[in-house]
Amino acid sequence: MQNLVEIRDLKVQARSDAGRRIEIIKGVSFDIAEGEIVALIGESGSGKTTIALTLMGHTRPGCTITGGTVRLAGRDLVAMPEAERQALRGTEVAYVPQSAAAAFNPSQRLMDQVIEVAQIHKLMSPDAARVKAVELFRALALPEPETIGQRYPHQVSGGQLQRLAAAMALIGGPKLMIFDEPTTALDVTTQIEVLRAFKSVMKLGGMGGVYVSHDLAVVAQIADRIVVLKGGEVQEEGPVEQILHRAEHPYTRELLAAFEPVPYASASRSEAETKRPILEVRNLVAGYGPLGRDGRPHKLALNNVSCRLERGQNLGVIGESGSGKSTLARAIAGLLPPVSGKVLLDAHALEPEARARGKEELRRLQIVFQLADTALNPQRPVGDIVGRPLTFYHGQKGAAREARTDELLDMVRLPRAMKHRLPGELSGGQKQRVNLARALAAGPEVILCDEITSALDTVVAAAVIELLKELQRELHLSYVFISHDLSTVQAICDDVMVMLNGEVVERLPADRLQGGAQHPYSQLLFSSVPKLDTGWLDSVPPRAAAL
Amino acid sequence: MIDKGITNWTRADDAMVEHAIRRGATRRDLLRMFMAGGASILAGGTILGRATAAMAATPVRGGHLKAAGWSSSTADTLDPAKASLSTDYVRCCSVYNRLTFLDESGAVVMELADRIESSDATVWTVKLKSGVTFHDGKPFTSADVVYSMMRHLDENTGSKVNSIAKQMTAITAVDPLTVQITLAAANADLPTILAMHHFMIIADGTTDFTTANGTGAFKIEMFEPGVKSIMVRNENYFKTDAAYLDSFEYFAIPDETARVNALLSGDIHIAASIKPQSMRLIETQSGIDLVKSTSGNYTNLNMRLDMDPGDKAGFIEGVKNLLNREVIQKSVMRGLAEVANDQPISPMSPYHNAELKTRDYDPEKAKALFDKAGLLGVSIPVVASDAATASVDMATVLQQSGAEIGMKFDIQRVPSDGYWSNYWLKAPVHFGNINPRPTPDILFSLLYDTNAPWNESQYKSPKFDAMLVEARGELDFAKRKEIYDEMQVMVSNEAGTAIPVFLSNVDAKSSKLQGLKPNPLGGQMGYAMAEYVWLEA
Amino acid sequence: MNPQIVRLVLGRLGVALVTLLIVSFVVFAATQMLPGDVVEILLGQAATPEAVAGLREAMHLNDPAFLQYGRWLIGLAQGDLGMSYANNLPVAGMIGGRLANTLMLAAVTAAVAVPVALFLGITTAMHRGSVYDRIVTTGIVAVISVPEFMIATLAVLVFAVWLKWLPALSFANDVTSLAEMLRVFAMPVITLCCVISAQMIRMTRAAVIDALTMPYVEMALLKGASRRRMVMRHALPNAIGPIVNAVALSLSYLLGGVIIVETIFNYPGIAKLMVDAVATRDLPLIQTCAMIFCLGYLTLITLADIIAILSNPKLRK
Amino acid sequence: MHTKAFWPTPRRLGYHMNWIGLIAATVVCFWALVAVIGPMLSPYPPGEIVDFDYYGPISAKLWMGSDYLGRDIFSRVLMGARYTVGISLAAVCLACISGVVLGMTAAVVGGWLDTGLSRFLDALNSIPSKLFGLVMVAAIGSSIPVLIVLLGVIYTPGAYRFARALAVNINTMDFVTVARARGERTGYLVTREILPNITGPVLADLGLRFVFIVLLLSGLSFLGLGVQPPNADWGSLVRENIGGLPFGAPAVLMPSLAIASLTISVNLLIDNLPVKIRDRSE
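Sequence order for the protein chains is A, B, C and D. Counting from 3, one number per residue, gives the positions in the first sequence under this note's numbering. Counting from 1035, one number per residue, gives the positions in the second sequence under this note's numbering. Counting from 2, one number per residue, gives the positions in the third sequence under this note's numbering. Counting from 4, one number per residue, gives the positions in the fourth sequence under this note's numbering.
One chain only, chain A, in its complex shape (with noise of 0.2 Å):
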């Protein structure tokens, strides 16, 4: 019997600014039966999104289809003229996007979206499709099945919003199913629900899938097979059970070895106790909007948040977007000035505004931000980055400031040269670390890194995790390290703080992390991580769907 999807020696183009052509699809070839769902996995730019669109005919702008065959159920997508492509897509082979948020139109209720498949390939009459896509949301164990397609997408849920993208895809009766990351902007906790909806109904309709992650304890919820994808080319294929336990390929190890928990054993805890902390938040209260009348902000986002970092201590914030835990960095730097509440750094108070701070209390703080290619200007040599807080802080210019530029690069662990580049022309690693070599340029005592490692994948986060306990080593740094990935934290705080909703609910050391949680959402969060074993998912028991 042929298999569902037979691709054979794929070959995709892009085109380059200048016109230059780039071959980034390097003659893939795998199969997917009937009924199985296959996981493309790789890091960004390996090509995986790219390989999951061909299944529908389609490139995105620039890119071409160069060479080789995609079947889909026989038929090949590459030599179809494109009407013909269009009348399979939605009804053949439906895509589920990974930021729902953004892939439904906000101009338009969901029900309607939900339908439009139906509708283009006048599959069913729209009464009969809405009952359709009703039969869908409880399937997808959704809230108020009959009514939530009456609203638009900014009036659910992310977690809602991307089972409804898949109710999306559904309603064609697809014979594959596409996820694309479909769950990477999710909270865990989320993630965990939504995964186990599009597991079951996989299952009902014992559909074919392509599953794109970068995330190995994701797929092995959900995949039969796993293909490993590095640079557009197929490192290493193979049943799920098999890439986790036996994996060949050096690079699939390399991903597996990123998951090993690495314990990390504070070397100062105990002189640290006796001296007093270097950083102390006292019931910090901010938020957004205009003051109310009880004198606090429209829009609260901190609510009496209280901690303490000791000196040549971590202290690890986790938490799910809207937690609080970036603002939290933002008011301790004086960016969002809080509305009352004290931040004293080593005993001394701050100003709640950094404008009103002195320059040697702005030196002794620094903060470095997740996504670094927004935190770099992009118009600047990476020399002038690194060398602004030298000349702002210190006064060096001239040779001096250039030593010192290149010690820190050093530091850093980046070639001299790139003093010269711009940050357009760095890999997302390299950018993190020049953003952490312009903070270490000041000299700081504290540093605050907010998510600093959640857009890299997984390998470099690693690497920058551990470049992280060197610095810190040698230039006895203190840490602020917020996140919501718990491994990370783990790999490098000494104390952990959980937050929610602008609380803190538990701190806890990092070490109890595991079994130590007292508070019902922190044992939540803790037991929705994914793990590296097929079997995760199904051992987790399901909770009420409401938070």
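I should point out that these hints are in silico values taken from the structure, not numbers from a laboratory. Heads up, the beta-carbon is just placed ideally off N, CA and C, and yes, glycines get one too. Hints should not be assumed to be uniformly reliable.
As a list, the in silico DSS-like pairs of lysine-lysine whose alpha-carbon atoms are at most 27 Å apart [unchecked claim]:
1. A:K177 x A:K205
2. A:K471 x A:K533
3. C:K315 x A:K301
4. B:K1494 x B:K1346
5. B:K1200 x B:K1494
6. B:K1364 x D:K64
7. A:K28 x A:K232
8. B:K1391 x B:K1494
9. C:K165 x B:K1309
10. C:K165 x B:K1546
11. B:K1515 x B:K1391
12. A:K232 x A:K13
Counterexamples of contact, computed for chain A against chain C with all Cβ distances above 12 Å [what the hints assert, rightly or not]:
13. G70
14. G208
15. L246
16. Q398
17. R406
18. M420
19. Q520
20. Y523
Position chains B, C and D relative to chain A; hints supplied.
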């Protein structure tokens, strides 16, 4: 020809001129005839041909005439005392009448007056026509004339001819059809003065002009200031051989190109004031005629004698020698001009001093004069504006001539808006533009008398002033001309007004429009064309 | 209505009012700067010092500027536009007919230009990169690069003088039938369309192309939607904000920007009225005209903003 | 609005440009060159009447015929380039510099300054440009500095709006926040962090605005405001010779062509700006 001695033109005189032409009178004869009337002939040459042409055609009744002037504003008015733009004149001419008017030859013709008589040129008796009615049916009487005249003496009226009207010390109604006007001093030109547009007759007691209650050939039907006006024929008009048109629509198209285009496309029948450069286009079009008339209109360069650099001896004479009049006549005006000699009486006037030679273009002499004045190489600002016809181009010609002898003229072109109130008479060196005036007396009193309101160069000469008064009261033509001749020489040599050329006025019209003749008072038959023209089918 | 929408719309109206107040100040200040005394212009040769002084007093011209400004502003607020200095007619009456003419021309132009521009903008965006797209976009560049007086004069020469198809002048009040209206308005409208639609086409095209890069449009493609459906159902509804803005900006030109067209076609509109008023230093008339232009601009821009706010689904109930 | 944000600074030579852009750039450079050296090449002084005919045809003596006075159009077009290009360039620079500086400052400082400036410039923008020009020239007279300042003022609100919108976007970027957290002053934020990131779009905008200014200058010249004679900008040349249009006189066609070629080229150049080759081979 009969020498009537004192002006008392009647309607019969019109017929006399025509009769004379028919009999083949020579030009000299005719001129003598005009002189006899004390009227100045400002448009000699062109008129004769036109008059003969006009004679041949027979007027046709009916039709709607659309005509375009060149200036219009929201200040457009139906009050003749305040009329200031060509559109005002045309509109007023069609709805009101004057006591007298000037025909194409510049001769005084009676309109509402039946006779104007005087024995000493100081006390004048005006006999009015009987049976004339206003648009609202009110009969025309001496009271209307008195009211109309007295208005100009009232400061609050805002009359444009207040200064001219001031010489009338008493205006009284002798009987319903007789008015007596007493002048402060003898002035033989009164019949001509009464032909000025502002002295139109309105009904006694009129203060609201929106209905334009006149005696004229047309009644106002619609009037929108700055937009247009529509007039319809007055069926009770007292002239029987006039007012051929059913209705008459007048508006302004300030942009000359647009005006010409509108005529060419058939949207209008007549476009007033055509630039010389447009003639080539118009001449190629069939069905379009040009009506040219050289009148006393001129654009002059004024150098104030009381300001630097006009107060430096030699400067003014230098400029007068540096003006290349031939280039101005040929290149700037494309021949639509007569070379002038720095005085305002045009060659068409019987009082023109033919002995006074035109200055030759003499850059070397000018250079020497500038050098003497210590101004050679000094940058002289010259204010010009589109408001004064062709002044920018004339300035350019002067500038170019100056450049050749090392004299710098720095042209300052300023907007037309407010030119007359902000720059004219005020800037040390600037251009002006003077409309035709019927008599040398008016020109000199207005422009060169020590107390003249528009003394453009601040020319002050007691001798000149005395001569002006003397000439005004002088009833003998030869003696009068002698005085005026000398005054012309004085102005040409002493005043700071350089008058390079007299400009011709050109109206372009559809050949369907007939009966249009040149007139010394300006284009479009001295703005009074409405009642004389007709449209051929 | 969503209270948030009400708040935003009221906010926009408030901003427009404040801007209008600033405009009134700028207009008043600018007109006060005009040299040349209106009294002297009015009296002309009869301007004796006593007459000038008397008239100045009567016209309140000796009052301090801020007092005059206040008086004018209060008058405006009460709908009293004052009397024209030049001919002592009420300003409201002088403007009335002219404003109607201007609005008429603007309306006819808008009725032609907006649909054409939107059609071209949307279709070029839909077929981006095609020969059609290139012809239209190059044509636009050519059209916006030629001064409007050239377009207008050429149009007159060709259609009125040579072909004699259309009248060279456009008089609003001569219109008796629809056919007549089309003939009379044809040339000014064509000229103005050339001037204003280029920008609308460009902005519409850019807005639609921008919306076409949105993930939900790609999603529509992956649902099997046709190009037409992608544009009309998904891209366009989300590009309304910028498109309406571009349309409003272009249309605002039709009030005061048409001076050249009014000059060439001798159309009695309000822009020419203002130029005349400047020539006669008729301050009340200048100020009123300027305020009308600014009011028109602000109305259009505010309307566009409000439409953009209303079209934002995030603010829908 | 979609903009081509973030150009890398040109350090290596590696630009690519399509042929339309190249032609447009050539024409723009040609006019720029003419503006600089043109008057030196002109065969006659711009004010000299060299031909007794008017609207004369193209001849060996008069390369572009003669104008309504019989002056040499070739010389006048050469001289007009200096005024049209020079005034427009000066005005566009004035508008963009003031607009961009104000826009960036408003975006960075925010608060009342932002609101106040935005309202004031919005008010200015609401006054029709040609009428504003007419009134202002009536008020203060027409001279080259007045024209430059006037055109600059007319186009400042647009430049302000554009720059402010861009700067507001950049201002939310983390690198600006980092600089703020570092304690940098407004001046530094504006000049070093914001400005380099908006120069690309601002330059493109400057080009478009240049076209509008050339056209507005021509329009104002058409309405009678412009350079003092005997000099004239191209718009004035078209206006004073427009009577020659029915004969297709080169006197009116040549300056019109000059305006059109300049504006079309600038437009096309902006639409086809050189793209830097930045193939990152990783």
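Inset, instruction - Mind listing which of the numbered hints don't hold for this structure, in increasing order? - result: none
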